[in-house]
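Student: Each chain, written out:
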Amino acid sequence: MTTVQPRSAFDDPITFEVAKNALRSVADEMAITVLRTAHSQNIRESMDFSTGLCDAAGRLIAQGVGIPVQLGAIPDAVHFLLAKYARDIYPGDVFILNDPDEGGMHLPDLFVVRPIFQGHLHVGFAACVAHHADIGGRTPGGNAVDSTDIFQEGLQIPILKLYEQGRENRTLVEILGRNVRIPETVLGDLQAQLAATRIGEVGVLRLLDRYGTDGFANLVEELLDYTERRVRTELARITPGIYSFEDHIDTDGFGSGPIRIKVSLSVSAGQLTADFNGTSTQVKSALNATMSFTKSAVYTALRCIMQDDIPGNAGLFRPITVKAPIGTIVNPTRGAPRAARGLTGFRVVETVFGALHHALPGRVPAAGEGAATMISFAGHYANGRPFVYVEFSAGGWGGRPDRDGVDGTSCIEGNISNVPIEEVELTLPLRVEQYGFVPDTGGSGKWRGCLSIVREFRLLSGEALLHMRSDRRRFLPYGLSGGHKGTPSWNILNPDTIEEEVLPTHVSRLLHAGDVIRHVSAGGGGFGDPFERDPKNILEDVLEQKLSAEYVRRNYGVELNPDGTSIDSRRTAELRGSAQAPVSPND
Amino acid sequence: MEFHGKRHAFKLKERLEVPLPDNNARNSNQPEQADLHKAVIGVDIGGTFTDVVLLRRDGKEFVKKKIPSTGPRFADAVLRGVDSVLAEAQVGAADVSMVIHGTTVATNAILEDRGARTALVTTKGFRDVLEIGRLRHPSMFDYFWRKPKPLVPRHLRFEIDERSDGMGNIDRHPTEESVEALATILKDRHVESLAVCFINSYRNHMNEEFVVRLLRRFCPDIHVSASHEILPEMREYERTSTTVVNAFIQPVVRSYLADLVSHIHERSIDCPILIMQSNGGLISSDAARLKPVHLVESGPAAGVTAARHLAERIGKANVIAFDMGGTTAKASVVENGQTFEADEYEVGAGMHHQGVLAKGGGYTIRIPSIDIAEVGAGGGSIAWIDEGGAPRIGPHSAGADPGPACYGRGGTDPTVSDACVVLGYFSQTALAGGAQPVTPRYALEAINNCIAVPLGLDVASAAYGIYSIVIANMSKAVRAITSERGRDPRDFTLVAFGGAGPAHAAVMAREFGIETVIVPPASGLFSSLGLLVADLQEHAVLSYPLRTDFDPELITRSFCAMEERIARNMISNTDEPDVVRMERYIDVRYVGQGYALRIPVLGEVADSTAILDIRNRFELEHGRVYGHRGDTGQAIEIVNLRLRAFRQRMVASPFAADSGLLGDGHAKPIHSDPVRRAYFGAAHGHLDTPVLKRTALAKAAVTGPVIVEDMDATTVVPPGYSAMLDDVGNIVIAIPSSGQRGNN
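Chains A and B, in that order, are what the protein sequence lines are.
Following my numbering, the numbering of the first sequence begins with 1 at its first residue and continues without gaps.
Following my numbering, the numbering of the second sequence begins with 1 at its first residue and continues without gaps.
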């Protein structure tokens, strides 16, 4: 890759700044359209979708606010599309795909790509990817970990035309509708995606009108160059060298594990290569990622160490190379099952963070809850109509170099919402029995990791198929700079009864009316030596009933006075002076 | 006589007029001649200035005062202003018929963390719903984000063993003993205010009501905010958070209002005192004390209300209210004479033009407020060069201290105001009616050093660049409330106000293909005019979850019950003539969708024809907002029934030729050059530009370049644009066509 010489000024810096904002607004407008018109809870409440604009060559030129970790997905999809349909793209065409071996990620993610034409000139693409509530296959929701090939995972859609010169491909729509369990929801969400790409098309044409075809093309070149320059400036802050880290997923759900994720970051002169050599081979279950998802995860982690106003476009990718041997869990061979790849991608982000901690101390947090958990219920209402409910459970963040991890927030790479309890109870035969923090969890540290969150469902009537994907029971969220590891996640069937049963991290189970399933999310890792934690912060945690007096004595060497509202300084000094940090940190 | 009996005439068809509950002998539509000497006072308290305005009911006398605000002793400035307007208008205290107030007290109590020691009582198992929130964080890649601290700490969040299900059936009743025990704890912990929110209480509030009644009995000194009274809508986090915000600010707002009322009464002004709500409607100060969460956007709402009134006064159905001040720019639309409401808002989240996309940055309140988009761009916004070499404006602001470089108070960062000075738009000697001296040299140096030299531009181009970029940034706010809501900005007239709005509006309007910009007189205190003309407004909602059967009889019965209740609530102790009007709405969505569209109900819901009409209008609106309609026969469902009740005041307009609005009062005359060199971009270069006072503008159009200087704002009319004065003193700028029209 050649180094671009920074220019002292653009031809027209003012117009550039104006156009940069306008382009971003178009992509955001697309995202708002999806949010307001989507049907499934996962899209409209959890916001599990992304929007983007590409130029005619398939280069990403703007990304809407959505899920960060889908950053690299749209350009790969469009590249496959261009390779397949080079001379067969016409006004009025709209493409659809989900095939992981042809630009897709996992089957529930449907991509809708609308080519944009100015008259007869092809000028770009408006694209939207969204995680649908069902895609057929052997398990409702299509997220099962325990599928062993892609044919079990649902309907595969290679890159096809959903609209051909304005005419809907009825065959395709009918096949799609017939192969999913909840066709109204899936086709409704597809409409939302189509509407978003139409909004994107209108927005790009408006800009072309304003700046002219050549003017717009120049602006795009400058925008990508500008982004690249800013990324190189950021990367140049890192001392050149090779930084490695490894983390693990407990198991593939078939008894095989641990699964190693290993990355080496080579940094030199404003460039970075992330090499996943040494990562475990692909697994039998559906935890396999795609290369596009692995790349997205790397970009996401790197974006977090940069200033957050850098635009998301192809210029961002230029100074960054991602390598992974074919046949590993982060770059599997054709036909591998991939439905549960989210867990692997999120672990890739955390692994890259671990390596960056050495490259840029003080810039990355300890591992958080990890966004590992997916819970789905599938069954039938009393009237026989089927329901599928999918929810992604979030916890919080690991301790940070200068402050605690956030209790109760989505992981940075996912940024999903929870589903309101009242919405669940109004629309499903489920009750949420509790939703809250679990005291005395999370990793201790000068800056502590987030608390675990407990979320507990009861099936009210009939039967339902439960499916859970989770992790972080054996390999806990890592601490950094002397901070302790986090605490494990748990899945418990019928807790606090004589039938109580601890379920594995990955599980499918038929539930009967009255059954309760409790999920406790992992607590985040701590940052820094717990004995350096300011006793004032510890007292606040105790007063807030997030940590108990007994726990802080053991983990932080802090003794409270018997009134429980003030610190016994003398005893605290003794405890902290004599003892070692009680658990060996893993940094 | 300026009297507008036909306000909202375009809404007549939707009107459902009901008799006043306590209708007296007066014919509502005919004010008595004897009352016309009476006057209404508007009081708008801001951080820097307190604006007090007075309008006599016959519209023949308008007086305005800008008084420096007096901080926590806010009433001092109010009383000075009130005394002064009464004296100048020669109106006696006994003849003041109404005092109307717009306030930032509710917002500031939250932003400055000055609320009460608040506790929350919730259902067993859900103590942390308030703190967990909806999990999203507002910025995509910022790992150093701080989550807003919950307004109720965990140790003051208590659980009661009770439960109802999603259908409203009660599974467990709370016991009186558990509430009594809780009451003791609340008193022990010195709780000052209390929020109660139970799971599914939006559907059946029996348990919640039981507990609230007991707590009010056991703890008579603690104000209790009940979620089913504040927001009976589904979604436990949003309902809890809204109720908690209400409880948090209630004691502060209560004592503030009591203070204000007693001071005003001290002046023997013994009339109703009304408060502006976030939705632009007024409520009594008594009602405001109970539901202060409705006041959070009180200040900005007044400006949009003023714009709506002005639009009607000059016969424009569609306007964009554009308010640019020192640190932020705000935009809002008035369409067919109506303002638009947003259902949800985050207090303290900073800029919210991204609205639904960037959630989690503040305290959620789900209360109708005028839909206002805001961006961090104002006269004080700082220009800088980023690491990629691109020029940027804001979000940092030079604030009031040191202020822009041209103020000469030590500021070295170039600001938008500095650019306006360098460009020759702003006075080269003083701003704010002479109160703020200006040194152009400092502005020139700041822009040259920080922008022009690094970019290799001359200083005029750099200043013009700042001017252009800030306009582009502000256009995000305009886009957020027009094109992102499916509206074409070209169908609107732009009304520009605030200290900096009139200097930037014309060029911004051209970006959107808007044809006309209006700069109203007294644009610096335009918001306070909104207080004078606002109506009383109450709002009720009935959660009506997921009903697809659309039973006309049930719908009608539900609406009637709401109307009876709300009519009882609306205060009527004013002697102003008025008319009560009810508007019915149904929130409708396709089955399975997350967001509903609000569809007005026209006339009675008598039969299936009315239902079909609702369906048709829902589909039309869906197509308009989202670009597609559902399949024929796709099921739709009702989410909520809503009622808006207006007590419509039949008042005169301050925007009348004989009201005195155009006068500058006793302000010092402005000394300015009759002609200035001003720069209008590479196409025009530097031009000799006449500098006029507003009153010197003719009724015939003057062609730009022209600069119009008012006491508190400067209007820029670039070359090729033309300006004239209309009969109420507005500057009307005609925008030349941009020559390109997009196909949207």
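Keep in mind that the hints were calculated from the coordinates and are not lab data.
Treat the hints with caution; some may be incorrect.
To be verified - Ranges between beta-carbon positions, derived for each pair:
no., chain 1, residue 1, chain 2, residue 2, range
1, B, Asn169, A, Glu532, 50 to 56 angstroms
2, B, Ala430, A, Glu540, 46 to 52 angstroms
3, A, Leu160, B, Pro454, 48 to 54 angstroms
4, B, Arg557, A, Leu510, 43 to 49 angstroms
The beta carbon of each residue, even a glycine, is placed where N, CA and C say it ideally should be.
Student: Hint by hint, note whether the structure agrees.
Tutor: Okay, the hints, checked on the actual structure:
no. : hint                                      : in the structure
1   : B/Asn169 <-> A/Glu532: 50 to 56 angstroms : 53 angstroms, holds
2   : B/Ala430 <-> A/Glu540: 46 to 52 angstroms : 51 angstroms, holds
3   : A/Leu160 <-> B/Pro454: 48 to 54 angstroms : 51 angstroms, holds
4   : B/Arg557 <-> A/Leu510: 43 to 49 angstroms : 44 angstroms, holds
Consistency with the previously given hints is maintained throughout, with no hint failing.
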